[in-house]
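Asker: Sequence:
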Amino acid sequence: MSVLSGSSILVTGATGSFGKAFLGHALANLDPQRIVVFSRDELKQYEVRQMFGDDPRLRFFIGDIRDRERLARAMHGVDHVVHAAALKQVDTAEYNPSEYVATNINGSQNVIDAAINAGVQRVVALSTDKASSPINLYGATKLVADKLFIAGNHYAATHPTRFAVVRYGNVMGSRGSVVPLFRRLNAEGRSLPITDKRMTRFWITLDAAVRFVVDSFDVMQGGELFVPRIPSMRILDLVEAVAPDAPTHEMGMRPGEKLHEEMIAADDSRRTLRFPDRYVVQPVVASWGYQTPPGGERVADGFNYRSDNNDLWLEVDEMSALLEEK
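Residue numbers (the UniProt record's numbering): 1 to 326.
Hints were generated in silico from the structure; no laboratory data involved. Please note that the accuracy of each hint is not assured.
For lysine to aspartate or glutamate, the following EDC-like pairs were computed, each having C-alpha atoms within a straight-line distance of at most 16 Å [as the list claims (entries may be wrong)]:
hint : residue 1 : residue 2
1    : K197      : D237
2    : K197      : D218
3    : K20       : E47
4    : K20       : D207
5    : K197      : E240
6    : K147      : D267
7    : K197      : E257
Estimated spans, in silico, between C-beta atoms of each pair [claimed, not checked]:
hint : residue 1 : residue 2 : range
8    : A72       : M253      : 34 to 44 Å
9    : W313      : R73       : 43 to 53 Å
10   : A72       : D277      : 33 to 43 Å
11   : R270      : N96       : 33 to 43 Å
12   : V219      : A102      : 30 to 40 Å
13   : D308      : Y46       : 35 to 45 Å
14   : Q89       : A28       : 23 to 33 Å
15   : L43       : D308      : 34 to 44 Å
16   : K197      : P160      : 43 to 53 Å
17   : A208      : M253      : 37 to 47 Å
18   : D196      : G6        : 47 to 57 Å
19   : E94       : A208      : 26 to 36 Å
Built from N, CA and C at the ideal position, the CB exists for glycine as well.
My request is simple: use the sequences and hints to build the entire structure.
Answerer: The following block contains the structure:
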């Protein structure tokens with residue numbers, strides 16, 4: 001049984017792709033006392049109510065994580081928090097940096113403070129592969145957010161609240177996925193745009209991402225950065241899986257885009273343990289009683305976890321089968 005079972009849960013950004021998948025999983029498998037759906041878009045909240053048939057266990061809060069007082073009200077009586085709210089578009093961040101700082105950094109600090117003040121037990125914040133060795137503003141704001149959540153354990157050391165971070169790669173089926181675009185252009189008989197034919201990416205399904213987050217609540221002490229061991233894929237293999245024999249053209253990498261994604265930097269290797277299903281990057285300093293978990297294997301010094309040096313790969317037929325399930 002998960003620590004989330006029978007508890008009161010708040011999900012920031014709950015009307016996004018991950019949030020909706022988490023709500024469905026929690027309602028079906030965790031028997032929650034209640035789930036607070038916290039987001040700022042009333043239309044999306046209406047759509048979620050329609051999706052789950054006005055389930056009485058759901059509580060809907062219109063609010064923005066930039067608003068500390070609203071967060072404090074929403075977290076009253078909450079046991080656990082999933083922090084999924086963020087601004088995420090790489091290109092948009094380059095033109096609107098202050099907005100990304102206000103949401104991804106200042107908003108994250110608001111979540112931390114509100115959780116401690118409300119006596120929340122455990123908080124898991126969602127990160128991104130772009131936060132590892134960031135080269136764009138979005139990734140930089142998420143790296144700061146990751147460090148804020150880890151440091152939040154220092155502030156909460158005499159309180160029950162503990163914080164951990166989950167970092168994973170591209171999510172199949174999310175709003176930001178390139179798959180719907182490829183399908184639409186192929187249906188229209190148009191060439192598919194490829195930024196660079198050498199490109200590789202990590203890939204995880206929404207269901208797997210949700211299960212990984214739930215599992216992380218169960219094993220966290222506070223201060224961990226959890227990274228799932230997930231497969232990589234080649235962009236040309238993805239094209240073949242989505243639209244076999246479709247014409248393609250290279251358009252060059254966009255500002256702030258990497259040829260290969262990274263989830264653990266080499267400088268973090270000395271603090272990284274490998275488990276069968278995940279890597280755990282341990283905190284640099286742990287004043288709240290963190291202890292190294294048993295059963296992990298220390299990775300080699302200088303190890304980095306990138307989409308091009310991964311030991312797990314999705315082939316075309318595997319991607320095709322996964323896409324048919326969506």
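Asker: Indicate, hint by hint, whether the structure satisfies it.
Answerer: To see whether the hints hold, each was checked on the structure:
no. : hint                      : verdict
1   : K197 <-> D237             : 10 Å, holds
2   : K197 <-> D218             : 40 Å, violated
3   : K20 <-> E47               : 10 Å, holds
4   : K20 <-> D207              : 11 Å, holds
5   : K197 <-> E240             : 12 Å, holds
6   : K147 <-> D267             : 15 Å, holds
7   : K197 <-> E257             : 14 Å, holds
8   : A72 <-> M253: 34 to 44 Å  : 42 Å, holds
9   : W313 <-> R73: 43 to 53 Å  : 47 Å, holds
10  : A72 <-> D277: 33 to 43 Å  : 35 Å, holds
11  : R270 <-> N96: 33 to 43 Å  : 36 Å, holds
12  : V219 <-> A102: 30 to 40 Å : 32 Å, holds
13  : D308 <-> Y46: 35 to 45 Å  : 42 Å, holds
14  : Q89 <-> A28: 23 to 33 Å   : 31 Å, holds
15  : L43 <-> D308: 34 to 44 Å  : 40 Å, holds
16  : K197 <-> P160: 43 to 53 Å : 51 Å, holds
17  : A208 <-> M253: 37 to 47 Å : 27 Å, violated
18  : D196 <-> G6: 47 to 57 Å   : 48 Å, holds
19  : E94 <-> A208: 26 to 36 Å  : 30 Å, holds
Figure legend: structure checked against the earlier numbered hints; hints not met, in rising order: 2 and 17.
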